[in-house]
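Novice: In order, the protein sequences belong to chains A and B. Note that this note's numbering numbers the first sequence so that position 25 is 1346, with each residue one more than the last. Note that this note's numbering numbers the second sequence so that position 430 is 424, with each residue one more than the last.
These aren't lab readings, by the way, just hints derived from the structure by calculation. Using N, Cα and C, we set each Cβ at its ideal position, and we do this for glycine too. Mixed in with the good hints there might be a few duds.
What the hints assert, rightly or not - Covered stretches of chain A, as calculated for chain B (at least 3 residues, CB under 8 Å): (1) 1391 to 1404; (2) 1498 to 1504; (3) 1576 to 1587; (4) 1607 to 1621.
Unchecked claim - Label-pair restraints from in silico Cβ distances: (5) B:Leu171 - A:Pro1387: 35 to 41 Å; (6) B:Asn264 - A:Leu1420: 38 to 44 Å; (7) B:Ser459 - A:Glu1386: 16 to 22 Å; (8) B:Asp475 - A:Glu1386: 38 to 44 Å; (9) B:Glu142 - A:Leu1420: 54 to 60 Å; (10) A:Pro1387 - B:Glu82: 53 to 59 Å; (11) A:Leu1420 - B:Glu479: 36 to 42 Å; (12) B:Thr243 - A:Val1577: 41 to 47 Å; (13) A:Leu1420 - B:Thr243: 34 to 40 Å; (14) B:Leu171 - A:Glu1386: 47 to 53 Å; (15) B:Thr243 - A:Thr1336: 46 to 52 Å; (16) A:Pro1387 - B:Arg221: 53 to 59 Å.
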Amino acid sequence: MRRYLARKILIYALTFFVAVSINWLIPRLMPGDPIRTMLSRGASGDEASMERMRAYYEQTFGLDEPAWQQYLNFWTSLARGDLGISVWLFPQPVTEILLSAVPYTLALLLPATLLSWVAGNRFGAFAARSKWLDNTLLPLGYVLTATPYMWLGILLAWGLGIVAGWFPTAGPYGFGSIPGWNWPFISDLVSHWFLPFASLFLVAFGGWAIGMRNMIIYELEAEYSTYLEALGAPRRLVRRYAFRNAVLPQLTGLAVQLGTIVAGALLTEIVFAYPGLGNLILEALNNRDFFLLQGAFLFIVVGVLIANFIVDVIYVVVDPRTRTQMQGSAA
Amino acid sequence: MGNRLRWAGAALVVSLAAAGCTGGGGGEGEGGYPRAQTLYTTGTQWGPPANWNPIMNWEYTTGTVGYVYEPLFLYDPLAGEYIPWLAESEEWVDEDTYEVTLREGVEWSDGEPLTAQDVVFTYELGRFESVPYSNVWDWLESAEAVDERTARFEFETPRYQEWAYFTYSNPIVPRHLWQDRTEEEVTASANENPVGSGPYLYEDHSEDRQVYRRNPDWWAVEALDMRVAPEYIVDIVNTSNEVTQRLLTQGEVDLSNNFLPGINQTIEGNPTITSYFEEPPYMLAANTAWLVPNTTREPMDDPEFRRALASSIDLQQIVEGPYSNLVEPADPTGLLPAWQDYVDADLVEEHGFSHDPQEAESILAEAGYEDTDGDGFVETPDGDPIDLTLIVPSGWSDWMEAARIISENAQAVGINVTEEFPDQAALTDQRAAGEFDLVINNERQLSNTPWTYYDYMFRLPVQDSQNTVNFGRYENEELWDLTQELAETPVDDTEAMRATISEIQEIQLQETPIIPLWYNGLWSQYSTQHWGNWPSDAEDAPHYLPTTWRNYNQLGAVLTLTELEPAGR
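Use the sequences and the hints to build the structure in full.
Specialist: Structure (structure tokens):
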């Protein structure tokens, strides 16, 4: 177990290093100059003072140094937990901007991912049992899972928000609300949260349901199921075993899918003007805000790695075969 | 204060979401700002409010200048006059000496008096090279406080036009709070909890909004008998066009300063949505969009070629197409309607250009541009093929459409122009470095004097990197001398101004170094559901700029707030 974990951690550390380095490099390879983009937003600048300001801010951001030096600076300040200052939202520290956006992203991602996985698996297993459901609702699942997150978001906003008027379609809470621990504000918050959550949930739900349905059918046709049935085991018992086996690939699927889900959440946030990481990344890109981009991707990389790690650990717990394997190799 | 709000909100979402709780309904809570006393605005802020530093004039949070910090004067471009604001009066004692007298009894929102010391201090800040108005010290000699209310400025070269621009565009900051700040603290601090002299106080902010509350002790209540109507202003960070339009029509937003394609239909069809004019172009003009040819490249270095290009463009097609009449074609001089008095009509009659493909073709033929290889496009007189690229930022759909029309028009007279849409940051780079053929730009805004436009067009010397002016790298000593002469003409001597401007226009119209296209609008549409008496061109309506854009409060936009009335009164 210890060797298994040590190896995993080493791989994660390597992935982290490479991913963060790439995130550092790519924005810098794009044409465009963050300081110039920032200053060109000025209403009217005198050319002479503009040149002086550019020199000043380049120095402030350390962009006048050679690239290798900037790269080293990046890692040293990262080690100190300092992600730098945002160029676009100058002079806010990147860490602060991200910390205020991450809770919104998590509030969408966590429940949407977990609930859709649980509900999708249950529904898929259930549907595999019934010809009627298999023929009606599963095609819907195929449609859902093939829908781009953004498109479903726009559909929901239009249908449930604009036409039906049940839900607000923009912002984290009403523009007239003052945040506080009171019921009107909480219900306002939840009603703003619901549509972006629902669009993420539905797409993922369709995918998991289909995956589970296919796995269950596969498992029910496996030899151990036939054997169990031949022994006269009750149908429910057979299905329970099939479900347990079918969940394993779904769990691996969750780890593999995380990246896509995060990307989907970012797009959904943009559709619903939800102030999470998605909007930040889009604007940071437009403004060539290297520091905010680096920071945002760092959060995502770390988040995905942690989630993968948790899935890895859970896998060991739920699949006895991996445990035996590890014990075997240790012996 | 803002953090408390952010965290409370975010923590709530998390805890609720974790509980797996879903709900519906909602809407505006009872614990909110009273709707009848709150003005909702949008259109300026692209990201979370990040600083309230009036010195950073390119990105301070909406309202920092105007609502909180105030300048000495306002300039009202519609009336063409300077309005004494913090200042009571000004005087040029002699040619090189300027004295400004402050109003009596103006106080900062912390109760300290606003004095001439503050004015002097604000200009002394320009000694820091990172302050946007640091160039004032290239021609200003000294600034001193004569007494509590009078500040005196001595000039080396009095650039009257530019100085007048400074007196209304630069907000005064409190010396007692800023004097110990380092350069970094002045130009790179968020200046949270801003202390100003204006009609509003900072109330709160979160990722997607900024909230102001009325300052009950604002000096103008007593001095000018003026009151800003809304008790609260909530400025909302820009969302997508669709969302903005929906918020506006549902009366959730009162004032939108976004460019919303097709808003003309809403204005025509929806009685609660109005704009400054009832009919096209609906909007006031905020700036001129120019076609900038790179005059260091062939054949754009040839005035005849530039003129042919200018004559080939059908502005009406752009105005009616992508803009559906929300803008108007620009005057051949490029001067905004507010500067109509300075346009020399005779010169325009004689040298001006308009859409005329035949004229364009004959100019080309006379100047020796001919299609020698038979590909349908002309070559240079030396026989080199012409293949030009017009760049506009990707995603700016109206400009992209306009660029397509310009290319088609140019191709119709035999000039091979194709459009390209690089990403905006990349375009800014190419433009600054002079690595382009043709680019569209509209960055110079409405101001107190056409001098700001001539400075934009003709500024010399041309540097390696041209960041804000003369992108086309056009070099004409005579025009630049005239521009400087204009800068040094007193602002009240309109005769002399007109004379110099006519001289400039005579050369400009013949040389066509930069081609005026259309007047970009001061995009502004407002809802009358909750607030009335909005600015319009009707006789009994207020004539101020209905906008929240940065640096427009100094142009009197803040006065719009003093005229608003709750709807249904």
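Novice: Against each hint, give a clear statement of whether it holds in the structure.
Specialist: The hints, checked one at a time:
no., hint, result
1, 1391 to 1404, "violated (count 0)"
2, 1498 to 1504, "holds (count 6)"
3, 1576 to 1587, "violated (count 0)"
4, 1607 to 1621, "holds (count 3)"
5, B:Leu171 - A:Pro1387: 35 to 41 Å, "holds (39 Å)"
6, B:Asn264 - A:Leu1420: 38 to 44 Å, "holds (41 Å)"
7, B:Ser459 - A:Glu1386: 16 to 22 Å, "holds (19 Å)"
8, B:Asp475 - A:Glu1386: 38 to 44 Å, "holds (41 Å)"
9, B:Glu142 - A:Leu1420: 54 to 60 Å, "violated (46 Å)"
10, A:Pro1387 - B:Glu82: 53 to 59 Å, "holds (54 Å)"
11, A:Leu1420 - B:Glu479: 36 to 42 Å, "violated (55 Å)"
12, B:Thr243 - A:Val1577: 41 to 47 Å, "holds (44 Å)"
13, A:Leu1420 - B:Thr243: 34 to 40 Å, "holds (35 Å)"
14, B:Leu171 - A:Glu1386: 47 to 53 Å, "violated (34 Å)"
15, B:Thr243 - A:Thr1336: 46 to 52 Å, "holds (49 Å)"
16, A:Pro1387 - B:Arg221: 53 to 59 Å, "holds (57 Å)"
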